[in-house]
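Listed here are the chains, written in short residue letters.
Number of protein chains: 2
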Amino acid sequence: MTYCVGLLLNEGIVLLSDTRTNAGLDNISTYRKMFIFEEPGERVIAVLTAGSLSVSQTVIARLIEATDDNDPETRSIMRANTMLEVADIIGNTLLEVTTDIAAKMGRMSQQMATSTMIVAGQRRGGIMRMFLIYPEGNFIEATVDTPFLQIGEHKYGKPILDRIVRKETPISEARKAVLLSMDSTLRSNLSVGMPLDLCVIRADECKVGERTRIEANDPSFQKMSLAWSEALRKSFHDIDI
Amino acid sequence: MTYCVGLLLNEGIVLLSDTRTNAGLDNISTYRKMFIFEEPGERVIAVLTAGSLSVSQTVIARLIEATDDNDPETRSIMRANTMLEVADIIGNTLLEVTTDIAAKMGRMSQQMATSTMIVAGQRRGGIMRMFLIYPEGNFIEATVDTPFLQIGEHKYGKPILDRIVRKETPISEARKAVLLSMDSTLRSNLSVGMPLDLCVIRADECKVGERTRIEANDPSFQKMSLAWSEALRKSFHDIDI
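So the protein lines, in turn, are chains H and L.
Quick note on numbering that gives the first Met the number 0: the first sequence kicks off at 0 and runs consecutively.
Quick note on numbering that gives the first Met the number 0: the second sequence kicks off at 0 and runs consecutively.
Next up, chain H with everything else stripped away, as it sits in the complex (with noise of 0.2 angstroms):
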């Protein structure tokens, strides 16, 4: 299993993904589940990927072939006009790479292989925009109400974003919010696992501001985890009922 969460806040974008892809519990493997697609001050595209990893790498690979495909009529998430083409682009590969596996597939077995995905940016010009897309090809955006979009195991890392994420909440908090929803999850699921890929992108700067890899034995990651866990338990003992 897989667990990324996107916000979309008022100062800007916030992405966290962990790498852990298995097939059945024995074969374990680390794959990147975030994948930018950038062109400094123009614009900047993040997709974060739930999911068959077959469906998913070869979703991105069709979205950058279709990039670096010069012919004006391929429609290509670099070209497109706005967030939202990028969306339905995105959302009309999924569906196309999931059928052509589904054919395949179905020639062997009733399972489906299917893939849901995060995807957030901005084009200069436009806002700021975050969708989730559904293996169908349907998608869900990010608003004001619920600035926080969550695929793969989101259930054990909710209830934090929940109390904590507002529109308003400050890049330095959100990225706090999601460390702490993630290392939730990766202490309650086997199937979520280290290192974890961050990114955030600045509003209207339309390139990504930090991308960073964090190790299982990263030290301020694991001092975090610890003072949270800490403060918790202090937390917990000092409620009365």
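Just so you know, same-sequence chains aren't split out, so a pair can sit in one copy or run between any two.
List time: in silico SDA-like cross-link candidates among lysine to any residue, alpha-carbon distance up to 25 angstroms:
hint: 1; residue 1: K166; residue 2: T81
hint: 2; residue 1: K222; residue 2: E209
hint: 3; residue 1: K166; residue 2: L197
hint: 4; residue 1: K222; residue 2: F235
hint: 5; residue 1: K222; residue 2: I163
hint: 6; residue 1: K166; residue 2: K233
hint: 7; residue 1: K233; residue 2: P146
hint: 8; residue 1: K103; residue 2: M0
hint: 9; residue 1: K233; residue 2: V143
hint: 10; residue 1: K233; residue 2: M223
hint: 11; residue 1: K233; residue 2: T145
hint: 12; residue 1: K222; residue 2: K233
hint: 13; residue 1: K233; residue 2: S171
hint: 14; residue 1: K222; residue 2: R162
hint: 15; residue 1: K222; residue 2: D237
hint: 16; residue 1: K103; residue 2: I88
hint: 17; residue 1: K166; residue 2: E229
Derived by calculation from the structure, the hints in this document are not laboratory data.
Note that the coordinates shown come from a computational prediction; the quantities given were computed from them, not determined experimentally.
On the provided structure of chain H, position chain L as indicated by the hints.
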């Protein structure tokens, strides 16, 4: 959906369940999901249910019917010699009911109605035990390493249990842990709802020590929930990253 949790501790057993059931999103009701079978000082058995209400209710009805049946040949959880036998009787009853209902439903649809249960208790002279019974009738048991069991919407409330609950946790702390675990679930998932049923069984008393229904407007639950929110927010802001 449902959220039920049971802790098996050195000091005793702590159980908590919500009461929300829904058939679709537009048909929401309140049903008890915690059932107590008790002969104070001799034996106490608590059953928590998640899943299809038709399955759960029929299982509980058959368990009561068997208990009321004076024929000593009828296997009843109130006559069983051990908690293991209690789990076995409930597992068998659950499988019978599920199979009966599936036979009926199979004539109409492909859907399966299933239910999962937590069974906990003690017989005089025996030890306290707690089981999670699967829809197929087989079961697992809480152990020293994993002293809690959850059924239904278990993911939101698992992180706090993972951090706090040990076999040695005193009952006063354990009460708080299950209530806060439920609080996180209530906040993040609409299909789990108040009121709550709380039950405490102290070791070797073989009777219910405390049984409380916590209503939506319960002042001490509200106070705890608010204090926890504030403590989490404060802890969150105090952490450096």
